[in-house]
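*Asks:* Residues per chain, in single letters:
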Amino acid sequence: GENVEQHPSTLSVQEGDSAVIKCTYSDSASNYFPWYKQELGKRPQLIIDIRSNVGEKKDQRIAVTLNKTAKHFSLHITETQPEDSAVYFCAASPGNNDMRFGAGTRLTVKP
Amino acid sequence: DTGVSQDPRHKITKRGQNVTFRCDPISEHNRLYWYRQTLGQGPEFLTYFQNEAQLEKSRLLSDRFSAERPKGSFSTLEIQRTEQGDSAMYLCASSSADTQYFGPGTRLTVL
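The listed protein sequences derive, respectively, from chains A and B. Mapped onto the working numbering, the consecutive letters of the first sequence carry residue numbers 34 to 144. Mapped onto the working numbering, the consecutive letters of the second sequence carry residue numbers 618 to 728.
Since the hints were made in silico from the structure, they are not lab data. Positions of the beta carbon are idealized from the N, C-alpha and C atoms, including for glycine. Just so you know, not all the hints are guaranteed correct.
[Said to hold, decoys possible] From the structure, some residues in chain B lie toward chain A, with a derived Cβ separation under 7 Å: (1) Q658; (2) G659; (3) P660; (4) D715; (5) F719; (6) P721.
Construct all of the structure, not just a fragment, from the sequences and the given hints.
*Replies:* This is the structure we're talking about:
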């Protein structure tokens, strides 16, 4: 089955700096890669996703890149703000509902 | 609120007791998923329904766990003879395609 690894486990940046979180996956059949943000005590919320027919996707300050050959994908947050502080999870799915999540990255944005 | 809802939000039980959780998906979603999340980890897949049919179960799901979705709408997850290791957040998600939307979760504490 799919195995997703996520790095780093914690990330601290100054407000206004960029943050990058990286994930690798093992199943070459995976074709859907969402990113979720989870604030303390709250549900995971989808912030952006990418499918394998696209190499990059951007939504305001958030972008995701996908390298299918290397089986890795990354989340980029620019101009970070304190409200970006949360745990971020990447996930990968081969489209058969078997979605596997990374262990999460705790992002802290210091004002 | 038309999102995924779960009930109860918190459950404290004694070891050996049975517990049941409920999930109400987004109304037009035919797919429903249960996950377990422990502190510092990403959601871990437990089981998946398409309409009323349970199509996948994780091998991690012991025979003390059972899930139903009798009418293809809400779902229940029952844990029999709870153990302290069952303490976790139980998340439900629903989808009509790839993108899964999560409920707020039920936090189970087994004493």
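*Asks:* Each hint: holds or not?
*Replies:* Hint check:
no.	hint	verdict
1	Q658	6 Å, holds
2	G659	3 Å, holds
3	P660	5 Å, holds
4	D715	5 Å, holds
5	F719	4 Å, holds
6	P721	5 Å, holds
Checked against the numbered hints given earlier, the structure satisfies every one of them.
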